[in-house]
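If you read the protein sequences in the order shown, they are chains A and B.
Our numbering puts the last residue of the first sequence at 271; the count rises by one with no breaks.
Our numbering puts the last residue of the second sequence at 1408; the count rises by one with no breaks.
Mixed in with the good hints there might be a few duds.
[Claimed, not checked] Label-pair distances were calculated between CB atoms; the ranges are:
no.	chain 1	residue 1	chain 2	residue 2	range
1	B	Ser1169	A	Asp79	32 to 40 angstroms
2	B	Asp1372	A	Pro59	48 to 56 angstroms
3	A	Gln226	B	Glu1065	16 to 24 angstroms
4	B	Asp1117	A	Pro15	56 to 64 angstroms
5	A	Pro38	B	Arg1060	31 to 39 angstroms
6	B	Asn1109	A	Asp127	33 to 41 angstroms
7	B	Glu1065	A	Tyr130	18 to 26 angstroms
8	A	Glu110	B	Ser1150	49 to 57 angstroms
9	A	Pro38	B	Thr1131	39 to 47 angstroms
10	A	Ala257	B	Asp1117	15 to 23 angstroms
11	A	Asp43	B	Asp1117	39 to 47 angstroms
12	A	Asp127	B	Phe1128	36 to 44 angstroms
Since the hints were made in silico from the structure, they are not lab data.
Every residue gets a Cβ at the ideal spot worked out from N, C-alpha and C, and that includes glycine.
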Amino acid sequence: MDVLTRHHVRVTGRPDGRTMMFAHGFGCDQHMWRFVAPAFEDDFRVVLFDHAGAGGSDPKAYDERRHSSLEGYARDVLDICAALDVADGVFVGHSVSSMIGALAALAEPERFGRLVMVSPSPRYIDDTGYVGGFSESDIRELLDSLDSNYLGWSSAMAPVIMANDDRPELQEELTDSFCRADPAIARRFAEVTFTSDNRADLPRVGTPTLVLQCTQDAIAPVTVGQYVAATMPNASLVMLEATGHCPNLSAPEETVAAIAPFVRGCDPVAR
Amino acid sequence: MTFQAASEAFYAALLDDDPEQLYDRAPCGYLTTTPDGLLVKANATFLELTGYQREELVGRRTFAELLTAGGRIYHETHYAPMLRMHGRVREVALDLVRGDGGRVPVLVNAVLDQDTDGVPRAVRIAVFDATHRREYERELLRAKQQAEQSERRAQALARTLQSTLIPPSPPSLPGLDVTAAYRPAGNGEEVGGDFYDVFEIAQGDWVVALGDVCGKGVDAAVVTALVRYTIRALTVQRSRPSDVLTSLNEVLLAQGSERFCTVVVVRLRLDAGAWRATVGSGGHPLPLHVSSRDGMRTVGEPGTLIGVLPDVQVSDRSVRLDPGDLLVLFTDGVTEGRRGSEFFGEQRLRRSVLAHRDAAVPAEGILGDVLDFQEGRARDDIAVVAVRVPVLSSAGEETAPAREEPRP
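Using the sequences provided together with the hints, build the complete structure.
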């Protein structure tokens, strides 16, 4: 099976435009970008995909060994890039995918000319001189919480129907795939995500980067966003008025407005 | 109760149920928040459940702030996106942190109120105390994890046990080219009853045994191990396969097991530069001998099952193995390999043997054909041992066919 099918890759927008790749975070799938990605379809080749084990990805895409670290997920991103022949593209990562993008950019810098990190955190657990926002026992608690929620996950998700009566086909698609995840894989992804530490990688990522930080983000506090922007050699921070961890869902207009000048401000031909 | 009393009770209950009571004293906690989660309303049941004062919550705290840290992550990564995308969440399990620092496991349903343009206006949340349910779920989860662990242990045990029923590495006989292939039925979670063995008695004197103990699982494996090692012990003293089988029958009967088996024992002797195979079968499918002189034919007499009756009818048949000859021993998992109602059968086996006659690993090739026929899933155990006499080149050296990769 080819990599595009494996990761449920969908390509929209201008076929001859600069590639803009959107990566979802833990707990969701590419539908996370449904209010944001369309805003770039006029001038970009927009690429959406699902991480292994999430959404419409092929169950066989997940490899316990490969995906035991974020590097494995970064390699998936690069495999997709290779299949789509991406060069000097834009990578937009939400939450943990921000770090996945950073790792991909480190491994093959020519793939992306711009990184956008939405609600990033290089490390969730507090450390000496660093506040990530969580203790180790907090993360244990999360894994327990996943266990009890995944117990009835599949049956609970099935009847969920989105209020979108004018486009029934979308309804069906979303019911079918939004947040559909193999519980065992999701749990391992949670463990990999919330025990990761990419602080040492950030200073080495020279790609121009935009960090979007919400106010009152329970997962990635403001100080963490500031840390990311300050640690990367070529990053700038934009504070959003939106609250929570998912401005791509809760404040899509503001998110689009923040990303647009950063990705449109540079002409790939002139660079 | 008289009609009068029932009627009074009915109206009393109805009168008491004004909207405010209905809200405040509902048998579940009710919360209303802004789309961002800031609490704007909480009913008395919720305050009672969590031990907060209304003024500590309303306008001051968000719903997520009442959760444990782990719950907050879950809220941000699952609950909030789902609420925004689907307009509702159902039966989400969370822990609330009470005013006194204690925890209350709850189940939460929530709906997102949107205006006609789809702009979120408010979130309504119903909170159910799930203390006992959660305990029960934890037990369930523990039981599930334990069951999975036992399953893994059982599989590992089956694999270990299975590996003791066949030689640990491919047998290597000087002057003969012996290959073997084995595949337990299904996905190998149960120990099969097939076994084989290849061992040396003296220089130029070897024994190949292959058989099938009826049944599966640990009980069968015990008998299989007994049969395999009894054959080893008996062949040291008895050179004729029929004698070995007769004594094996006595051992099995004496052991009192209800399990019987079919076995074929082949004694391979090098005599004046030529190999001779003496074959005895106890109710087992007869080995196939392929020679350039006589084509393909079975060797031996079928004989009776071993371990059923005190008297067994077993006899020996001898055949010379010339250079280039192939002797194939197999269990009924080969011929009875099934696709739908169709069997792999003797004819397919014969074609397969001919096709792999000169292959590097004939046994693997034959196993592969049987598996392909069954679309990769063995319905019964399959064991194949192939003994080939290498062709001598003009220089008097053995010529081995080019080795190929054996099938996985």
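Going through the hints against the structure:
1. Ser1169/B with Asp79/A: 32 to 40 angstroms: holds, 38 angstroms
2. Asp1372/B with Pro59/A: 48 to 56 angstroms: violated, 25 angstroms
3. Gln226/A with Glu1065/B: 16 to 24 angstroms: At 22 angstroms between Cβs, range holds.
4. Asp1117/B with Pro15/A: 56 to 64 angstroms: Between Asp1117/B and Pro15/A, where Cβ atoms are some 33 angstroms apart, the hint is violated.
5. Pro38/A with Arg1060/B: 31 to 39 angstroms: With Cβ atoms ~37 angstroms apart, the hint holds.
6. Asn1109/B with Asp127/A: 33 to 41 angstroms: Distance hint for Asn1109/B, Asp127/A holds at roughly 38 angstroms.
7. Glu1065/B with Tyr130/A: 18 to 26 angstroms: holds, 23 angstroms
8. Glu110/A with Ser1150/B: 49 to 57 angstroms: At 51 angstroms between Cβs, range holds.
9. Pro38/A with Thr1131/B: 39 to 47 angstroms: holds, 45 angstroms
10. Ala257/A with Asp1117/B: 15 to 23 angstroms: holds, 19 angstroms
11. Asp43/A with Asp1117/B: 39 to 47 angstroms: violated, 27 angstroms
12. Asp127/A with Phe1128/B: 36 to 44 angstroms: holds, 38 angstroms
Hint violations for this structure: numbers 2, 4 and 11, all remaining hints satisfied.
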